[in-house]
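*Asks:* Chain by chain, the residues run as shown.
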Amino acid sequence: MSTTEKTIVISRFDPDKDEAPYTQEYQVPCDPSWKVLDAVNFIKDELDATVSHRWSCRMAVCGSCGMMVNGEPKLTCKTALDEYGDRVEIEPLANFPVVRDLVVELDGFMHKFESVKPWIKRVKERAEDMENFNEKGTYSQSAEELGRFKQFSMCINCMLCYAACPVVANEPEFLGPAAIALGHRYNLDTRDEGTEERHEIFRGEGTVFSCSYANECSEVCPKGVDPAAAVNQAKFGAVIDWAKGLVLPRAPHAAD
Amino acid sequence: MAGPAHPEAMAPPKPGRTRTAPPQMPSTWWSSPRIRTYLLFDATGIIYFLVGFLAIKIVGQLGAGPIAWQAQMKALENPIYILFHVVALASVIFVAVRFFRLFPKAQPPAIGPAKPPPGPVIHAGLYVLWIGLTLVVSLALAGVIF
Amino acid sequence: MRTLLLKLEPIIWFMFGQGIMIGTMLMTGWILVIGILMPLGIVDPMNLNYVRAQELFTASVLGIPIAQLLLAALLVLPLWKGAHHVRSLLVDLGGGERDPLVGTVLYLIAIVGSVMGIGAVAGI
Chain L
4 MSTTEKTIVI SRFDPDKDEA PYTQEYQVPC DPSWKVLDAV NFIKDELDAT
54 VSHRWSCRMA VCGSCGMMVN GEPKLTCKTA LDEYGDRVEI EPLANFPVVR
104 DLVVELDGFM HKFESVKPWI KRVKERAEDM ENFNEKGTYS QSAEELGRFK
154 QFSMCINCML CYAACPVVAN EPEFLGPAAI ALGHRYNLDT RDEGTEERHE
204 IFRGEGTVFS CSYANECSEV CPKGVDPAAA VNQAKFGAVI DWAKGLVLPR
254 APHAAD
Chain F
3 MAGPAHPEAM APPKPGRTRT APPQMPSTWW SSPRIRTYLL FDATGIIYFL
53 VGFLAIKIVG QLGAGPIAWQ AQMKALENPI YILFHVVALA SVIFVAVRFF
103 RLFPKAQPPA IGPAKPPPGP VIHAGLYVLW IGLTLVVSLA LAGVIF
Chain U
4 MRTLLLKLEP IIWFMFGQGI MIGTMLMTGW ILVIGILMPL GIVDPMNLNY
54 VRAQELFTAS VLGIPIAQLL LAALLVLPLW KGAHHVRSLL VDLGGGERDP
104 LVGTVLYLIA IVGSVMGIGA VAGI
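Protein chains in written order, with this note's numbering: chain L, 4 to 259; chain F, 3 to 148; chain U, 4 to 127.
In case anyone wonders, no lab produced these hints; they're calculated from the structure. Heads up, a few of these hints could be off.
[To be verified] In silico SDA-like pairs for lysine to any residue, Cα to Cα no more than 25 Å straight-line:
hint : chain 1 : residue 1 : chain 2 : residue 2
1    : L       : Lys226    : F       : Lys107
2    : L       : Lys120    : F       : Lys16
3    : F       : Lys59     : U       : Thr6
4    : L       : Lys127    : L       : Glu196
5    : L       : Lys247    : F       : Lys16
6    : F       : Lys76     : U       : Ile45
7    : L       : Lys153    : F       : Ala116
8    : L       : Lys47     : F       : Ala116
9    : F       : Lys117    : L       : Met157
10   : F       : Lys107    : L       : Arg194
11   : L       : Lys124    : F       : Pro115
Taking the hints into account, I'd like the entire structure generated from these sequences.
*Replies:* Here it is as structure tokens:
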């Protein structure tokens with residue numbers, strides 16, 4: 004197999020030495036079967052060991068290798084280098100603060116993620132809730148019930164959707180596609196009783212209503228989660244709960 | 003990169019141990035056709051404002067009497083108004099097409115015990131409703147019905 | 004202001020949703036006939052002369068002023084779509100966060116317009 008030489012342009016930034024990010028070019032002999040990640044790994048292995056980037060599984064399930072390739076958010080382990088011409092520009096994920104080179108700060112996302120309470124919430128403590136469990140001591144859930152939220156549970160937290168979302172770029176408080184999709188996944192789960200509480204969070208500071216339905220998140224999602232559908236379903240659910248809250252007294256919140 | 007994003011976009015709740023470079027927008031942001039379509043979609047909001055306020059003025063002239071109404075209908079023959087309405091028509095069609103594509107997937111999987119119809123059914127149904135209402139409104143205004 | 008806006012977001016979004024759906028569906032015919040076909044003479048504008056316009060827009064069915072309700076929807080709902088999307092556009096273009104002042108001003112315009120619209124319909 005013959006290799007083609009491509010110019011790979013990497014965004015560099017060392018917080019100890021550099022004022023601002025700058026670009027550095029590398030000439031890389033690319034095998035036709037390579038993904039973008041292979042080129043970056045080649046650079047680190049053979050050309051410049053100081054380049055920092057995140058990657059792990061190489062098969063689009065861990066969500067670590069998200070980067071901007073020619074301005075579009077991609078999973079670099081899944082993106083063929085052949086799709087691009089002689090010059091490929093690789094930058095860290097958009098809309099995130101950059102820690103170093105191609106590595107972005109994830110704590111902001113983790114904070115938003117946790118704030119939607121992404122776990123099964125029950126109103127009662129388990130000991131008082133036993134009649135809701137089957138004889139094996141577990142919840143029963145039909146395949147149809149699983150089907151309602153399964154799509155939204157496929158998120159690998161790669162954050163390409165955050166890089167693509169125009170509201171994330173401008174609205175620091177916005178919860179963002181993946182966090183809302185995950186909250187919605189639990190709202191749709193029949194085992195969970197925390198829907199009203201999550202809808203209150205959705206109407207709070209991180210308001211889902213900031214979403215302008217650009218649909219960019221779903222366009223870039225590598226796992227077909229369709230976060231735009233989740234966010235907009237969540238808007239509808241949050242409005243219904245808000246309206247109900249105006250007329251009916253509020254039920255006690257599920258136990259944390 | 004296409005330019006800076008909000009300086010606090012995706013900021014961590016506590017500052018990290020090292021300096022970070024500020025968040026940037028994707029470099030192809032403004033030139034991407036999909037983004038431009040989305041921005042155009044938002045821009046139709048201006049058209050909706052204008053066409054709405056113009057319609058309010060028109061109906062207001064009806065309340066002002068037959069001479070005012072006649073004058074208003076005549077005034078609408080000005081080519082600027084006609085051109086504006088052509089742009090407005092293009093806008094509502096553009097909004098309808100994009101919205102009808104996006105609306106079906108925003109339906110919750112179940113509303114109480116009822117399940118909404120499948121996506122393609124809703125999509126087609128919206129077009130039917132739109133064309134139906136447009137026909138009724140058009141024929142009513144044109145004097146063919148009612 | 005920000006907290007007030009956040010509290011009212013659900014109803015604002017709901018009005019926006021109706022504006023984009025019902026507003027668009029009703030507006031298409033209005034723009035087509037009153038804005039284009041009648042001024043161009045393709046449809047005789049005398050079909051909507053004062054007498055007929057009065058009759059049409061005050062028509063009621065079983066005591067319900069259905070024409071005025073539809074007309075009010077046609078006048079009011081597009082304003083809410085407009086306000087919400089202009090706010091969104093300003094965020095997209097300006098690269099700044101959703102300033103509560105901008106939102107408040109735009110929704111106030113929508114409210115004023117809604118009142119004017121209902122007033123215009125009631126005054127037919």
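*Asks:* Run every hint past the structure and note whether it holds.
*Replies:* The hints, checked one at a time:
Annotation: proposed proximity of L:Lys226 to F:Lys107 holds, straight-line Cα distance about 17 Å (limit 25 Å). For the hint pairing L:Lys120 with F:Lys16, the CA-to-CA distance comes to about 20 Å; that is within 25 Å, so the pair holds. A threshold of 25 Å between alpha carbons decides the hint, and for F:Lys59 with U:Thr6 the separation of about 34 Å lies outside it, so the pair is violated. Distance restraint check for L:Lys127 and L:Glu196: the Cα-Cα separation of roughly 10 Å lies within the 25 Å cut-off, and the hinted pair is therefore satisfied.
Distance restraint check for L:Lys247 and F:Lys16: the Cα-Cα separation of roughly 36 Å exceeds the 25 Å cut-off, and the hinted pair is therefore not satisfied. Restraint check for F:Lys76 and U:Ile45: the C-alpha separation of about 14 Å stays at or below 25 Å, so the hint holds. At roughly 20 Å between alpha-carbon atoms, L:Lys153 and F:Ala116 fall within 25 Å of each other, so this suggested pair holds. Taking the CA atoms of L:Lys47 and F:Ala116, the gap is about 56 Å. The hint is violated against a cut of 25 Å.
For the proposed pair F:Lys117 and L:Met157, the alpha carbon gap of about 23 Å is at most 25 Å, so the pair holds. A distance of roughly 23 Å separates the Cα atoms of F:Lys107 and L:Arg194; the hinted pair therefore holds under the 25 Å criterion. Straight-line distance between C-alpha atoms of L:Lys124 and F:Pro115 comes to about 22 Å, which keeps the hinted pair within the 25 Å bound.
In summary, the structure is inconsistent with hints 3, 5, 8 from the numbered list given earlier, while agreeing with the others.
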